[in-house]
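Please arrange chain B on chain A, whose structure you already have, making use of the hints.
As given, the protein sequences belong to chains A and B, one line each in that order.
One rule links them: number in my numbering = place in the first sequence (from 1) + 8.
One rule links them: number in my numbering = place in the second sequence (from 1) + 21.
Honestly, the hints are just simulated from the structure, not real lab data.
None of the values given here were measured: they were computed from a predicted structure.
Misleading hints may appear alongside valid ones.
Said to hold, decoys possible - Derived lysine-lysine pairs resembling DSS-like cross-links, with alpha carbons at most 27 Å apart: (1) Lys65(A) with Lys19(A); (2) Lys89(B) with Lys111(A); (3) Lys89(B) with Lys121(B); (4) Lys63(B) with Lys23(A); (5) Lys65(A) with Lys111(A); (6) Lys121(B) with Lys65(A); (7) Lys22(B) with Lys65(A); (8) Lys121(B) with Lys111(A); (9) Lys25(A) with Lys65(A); (10) Lys63(B) with Lys25(A); (11) Lys22(B) with Lys131(B); (12) Lys121(B) with Lys63(B); (13) Lys111(A) with Lys22(B); (14) Lys65(A) with Lys131(B); (15) Lys89(B) with Lys23(A); (16) Lys23(A) with Lys65(A); (17) Lys131(B) with Lys63(B); (18) Lys63(B) with Lys19(A); (19) Lys89(B) with Lys22(B).
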Amino acid sequence: GAGVSQSPSNKVTEKGKDVELRCDPISGHTALYWYRQSLGQGLEFLIYFQGNSAPDKSGLPSDRFSAERTGGSVSTLTIQRTQQEDSAVYLCASSGSTGAPVKLFFGSGTQLSVL
Amino acid sequence: KQEVTQIPAALSVPEGENLVLNCSFTDSAIYNLQWFRQDPGKGLTSLLLIQSSQREQTSGRLNASLDKSSGRSTLYIAASQPGDSATYLCAAPGPSGTYKYIFGTGTRLKVLA
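Okay, chain A solo, but in the shape it has when bound (with noise of 0.2 Å):
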């Protein structure tokens, strides 16, 4: 596509329910990176994909928070059992490739909202 596509743009949810989020990234592109953005905060670091694999997870607050990707392409953040902590906007970013240097392509993120 011509960009990084995140859906849905806005998700209002009710504490404990589940929650899954979707990122198209751009045609071709191997990498995809999700990253969070609570208010006033800098961007967080969750996880990053390498193809289908994930190298590194090392950002994912907790347990209740996994990812995965399909065909090199789709990738979806499911929070499960959702907590008010979770109120942020939900970035993805993909690169066409892993070598210096790296530049990246963001989506708009999706505002989600855990009351």
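Just chain B, lined up with the frame of chain A:
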């Protein structure tokens, strides 16, 4: 551990002014640094990427410099315009490699007409 700091947190200037945004990083063993722009409710747009072998990178009215020895980068915006109003973020690679960028909290810029 890489930490990135941006000063000032917010800036309001009249149209036409030249301005400088600052970015500091603690781990100078980086091979590039990026500057991004974020408009409200939008994702990030890459502005400039400076490789460690470069000292400056220019794009239009934007100029970014990198001084690894002092752990600093600056973004210079010439002849600012209201359309430049946005949050500007810098990002430096973390110790794990090229893919894990550590972001500053940004400078929120408002250019008044």
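Right, here's what the structure says about each hint:
A distance of roughly 24 Å separates the Cα atoms of Lys65(A) and Lys19(A); the hinted pair therefore holds under the 27 Å criterion. Note on Lys89(B) and Lys111(A): the hinted pairing holds, with a Cα-Cα distance of about 19 Å set against a maximum of 27 Å. Between Lys89(B) and Lys121(B) the alpha-carbon distance is near 18 Å, which keeps this suggested pair within the 27 Å criterion. For the hint pairing Lys63(B) with Lys23(A), the CA-to-CA distance comes to about 26 Å; that is within 27 Å, so the pair holds.
In summary, the hint linking Lys65(A) to Lys111(A) is supported, as the alpha carbons are separated by about 21 Å, within the 27 Å threshold. A C-alpha spacing of about 11 Å is found between Lys121(B) and Lys65(A), which places the hinted pair at or below 27 Å, so the restraint holds. For the hint linking Lys22(B) to Lys65(A), the alpha-carbon distance of about 17 Å falls within 27 Å, and the restraint holds. For the proposed pair Lys121(B) and Lys111(A), the alpha carbon gap of about 12 Å is at most 27 Å, so the pair holds.
At roughly 23 Å between alpha-carbon atoms, Lys25(A) and Lys65(A) fall within 27 Å of each other, so this suggested pair holds. With a CA separation close to 26 Å, the supplied pair Lys63(B) and Lys25(A) stays within the 27 Å bound. A threshold of 27 Å between alpha carbons decides the hint, and for Lys22(B) with Lys131(B) the separation of about 32 Å lies outside it, so the pair is violated. Distance check on the hinted pair: Lys121(B) and Lys63(B) sit about 21 Å apart at the alpha-carbon level, within 27 Å; holds.
Distance hint between Lys111(A) and Lys22(B) is fulfilled; the C-alpha atoms sit about 22 Å from each other, no more than 27 Å. Restraint check for Lys65(A) and Lys131(B): not satisfied, since their Cα atoms lie roughly 36 Å apart, outside the 27 Å limit. Pair hint Lys89(B) plus Lys23(A) does not hold up; C-alpha atoms about 45 Å apart against a cutoff of 27 Å. For the proposed pair Lys23(A) and Lys65(A), the alpha carbon gap of about 24 Å is at most 27 Å, so the pair holds.
Note on Lys131(B) and Lys63(B): the hinted pairing holds, with a Cα-Cα distance of about 16 Å set against a maximum of 27 Å. This hinted pair checks out: Lys63(B) and Lys19(A) have alpha carbons roughly 15 Å apart, not beyond 27 Å. Our distance criterion of 27 Å between C-alpha atoms is met by Lys89(B) and Lys22(B), whose separation comes to about 16 Å.
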